[in-house]
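Trainee: Given the coordinates of chain Z, work out where chain Y should sit on it, guided by the hints.
There are 2 protein chains.
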Amino acid sequence: MTARIVDVETIDVRFPTSRQLDGSDAMNEAPDYSAAYVVLKTDAADVPDGHGFTFTIGRGNDLAVHAARAIGERAVGRTVEEITGDLGGFSRHLLGDSQLRWLGPDKGAVHLGTAAVLNAAWDLAAKQAGKPVWKLLADMTPQQIVDLVDWRYLKDALTPEDALAMLAEKAAGRAEREAYVREHGYPAYTTSAGWLGYDDAKLARLCQEAVDAGWDSVKLKVGADLQDDIRRCRIARDIIGPDRRLMIDANQTLGVDEAVAWAKALAEFDIWWFEEPTSPDDVLGHAAIARRIGPTRVATGEHAHNAVMFKQFLQADAIGICQIDACRLGGVNEAVAALLLAAAHGVPVCPHAGGVGLCELVQHLSIFDYIAVSGSMENRVIEYVDHLHEHFHDPVRVRGSRYLVPEAPGYSARIRRATLDAHRFPDGPVWSGGDRVAS
Amino acid sequence: MTARIVDVETIDVRFPTSRQLDGSDAMNEAPDYSAAYVVLKTDAADVPDGHGFTFTIGRGNDLAVHAARAIGERAVGRTVEEITGDLGGFSRHLLGDSQLRWLGPDKGAVHLGTAAVLNAAWDLAAKQAGKPVWKLLADMTPQQIVDLVDWRYLKDALTPEDALAMLAEKAAGRAEREAYVREHGYPAYTTSAGWLGYDDAKLARLCQEAVDAGWDSVKLKVGADLQDDIRRCRIARDIIGPDRRLMIDANQTLGVDEAVAWAKALAEFDIWWFEEPTSPDDVLGHAAIARRIGPTRVATGEHAHNAVMFKQFLQADAIGICQIDACRLGGVNEAVAALLLAAAHGVPVCPHAGGVGLCELVQHLSIFDYIAVSGSMENRVIEYVDHLHEHFHDPVRVRGSRYLVPEAPGYSARIRRATLDAHRFPDGPVWSGGDRVAS
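Those protein sequences? They're chains Z and Y, same order as listed. My numbering puts the first residue of the first sequence at 13, with every later residue one more than the last. My numbering puts the first residue of the second sequence at 13, with every later residue one more than the last.
Only chain Z is shown next, with the shape it has when bound in the complex:
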């Protein structure tokens, strides 16, 4: 019997995080962290389903769900073998509906929905292989990795042949690096201390708790008021001391010249990177900022919607830190494209995480990057936010500022059914008033 995809389940899951201003920043004053959740269902007894999602911050999650359903229906009827045996081809199939493509292309709600479906397909493929996604990737040959990527728009920056040579050069050291990361984990940093909605006392307390918990790198949200930010950076730097890294994140609120002025005013606090200083679409703007604020690095990518954007940020020397997002890029395949481009340009990838389950996903991508692509952990840290992990079957494990390697087969994407039921919008008890206790 050939197993097939027989159904796609989509669920609008929302967490009422705005009730406590967790996750607040200068652009997003009151987010309700949400997932457009997808289950690809098969008729196989051994691997019955794959789970995936994309992340949004509340209103509009229904649009992402709706998009995921439209894209997911393109999987129904396909054999599991067709999908897991050629994930590059499946990715191109999902992205190739010319009518749906018009709403992007390769951006916005449709691309978010595509990410959810493709993430579920990778979860399915990894479960079928009995491996976590990072291991499924790290066991692929260089040619198999290259074949995951749609090269149509990327060849002027990196040819498939050059990518193949780069991967082949790293192949010999894979086993050694896998052993190393299994033993030592992967470096992380924390954003939990620095949300903009917190007052100074809470900021100071959380910075101290971060130091006490062993964190070496701390990120603050900035961008609403410069005088406030000077005061908050001073508080943070005083507490974390001169040797830990301090990063700032303006969440796109500034124009190019304003961002430069902001960075210069905060330079005395020794800022490692300045994240999302301006519009995420502004490659040339980021390049102009980068030229003017060194040695602080420009970081962006959580809102860079596709590999063409990362290609340009790298070509223009616009970023010193490349922040891929596992749910905004069109799933694992496009994330792999970004990893290859970044490695070819010598720029470290420090994935965006937090939200709902982003930590769970991006750890797979960074571990794969270390083992098979860049081969380095230097200047690389995965974002960590201590929110909502308890809702996952296979939550991230962080010890002493490092992610431990996930071992369970799949993409660590599966949310507990009780959570899905309780947080389903708008009819789950968390939202309908049946249970007003915030999660």
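Quick caveat, the hints were computed from the structure, so don't treat them as lab data. Wrong hints could be hidden among the right ones.
One copy or any two copies: either way a pair holds, since identical chains are not told apart in the list.
Result set (EDC-like, lysine to aspartate or glutamate): computed pairs, CA atoms no more than 16 Å apart in a straight line [as the list claims (entries may be wrong)]:
1) 143 <-> 190
2) 276 <-> 240
3) 214 <-> 240
4) 276 <-> 221
5) 143 <-> 58
6) 167 <-> 270
7) 167 <-> 269
8) 214 <-> 93
9) 276 <-> 237
10) 53 <-> 94
11) 53 <-> 93
This structure is a prediction, so every number in the text was calculated from the model and none was measured.
Mentor: For chain Y alone, kept in the frame of chain Z given last:
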């Protein structure tokens, strides 16, 4: 009594254009031209509503409708005066929902929905003023025009002060130019001859008909097969002769180096512009192509999703023709931003049209550009496709390759109710089988 917006009606309208391959190109093999249609309803007796829409090509139009409803609800309860008296502020209000913004920002389904709502608000404002939209705009002071624009991300390319000075310099000649365009109309070109799905005989016949009808400029779709394109360009150039302009459009199908090779292979046919050679997100790619294919100009913009993209295309000298789209940009306000940026960089704006009602909308923008912004018609042509105009209350009027100036108050956006009823998806008779005659 203060009039208010009391309701927003949204309608999913689709035309089964794929049944005849009208509108086929190398990327979009079978589009069903569609509109996510919005009616902002007021409680005022004199101006009961404003009509607007965004354009898609079929599947996914429901997503644009859904987004337009989510955005449109932000208008309900506002006074008409608040909206029409400060269209810049209203635009920022629509774009400013931080949760919905996450799905873009400023791109994809949510931005398309915003365009539909804002276009309806402009229709309402123009009807209230008793003027067509072009005249409402052309009667504004330079300061009022500058205030329509969100300058947050644009000031590094053009400051509001410089935009004001540019507009002030053109103010003296407005009356003369208005009289000229009323008398002579605005230049246009035709795409109707060159859809990729047509065979050579139909292409030749339609090119001859275009010449006979007085067109000076003809555009062909290319990008699927180079040998086919060489043959088709030869057919077209032979029929239109050496003095008419020939343009080509690859609809994003090529990589950067491929696009250059394509342009060089077709150079013998004296191509005025090469449209959408590659990914619409690839500013640096378009710049590289532009440097290598002169004197053919690079044209793009129908998929450029916001003013930040146009800013960069202009800063990078990536385009010689700026093709704004009235429904992909976030409504009239963002189109005005693009017009100002293009004029400041000396690049002619030749709007994308065709689809459903795009000709009806963009004529207003180009006429305003001529009267008050660029002050020139040189190297400027509005796309014209002879499709679906019969469904509009105030359809474009084209005579001898020129658009005649629209005179009715509003944005020419209103579709006939009988059309809305017949083409409503999926339950209108055109789609439900009650009327299988293609429109």
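Trainee: List in ascending order the numbers of the hints, as given earlier, that are violated by the structure.
Mentor: 4 and 8
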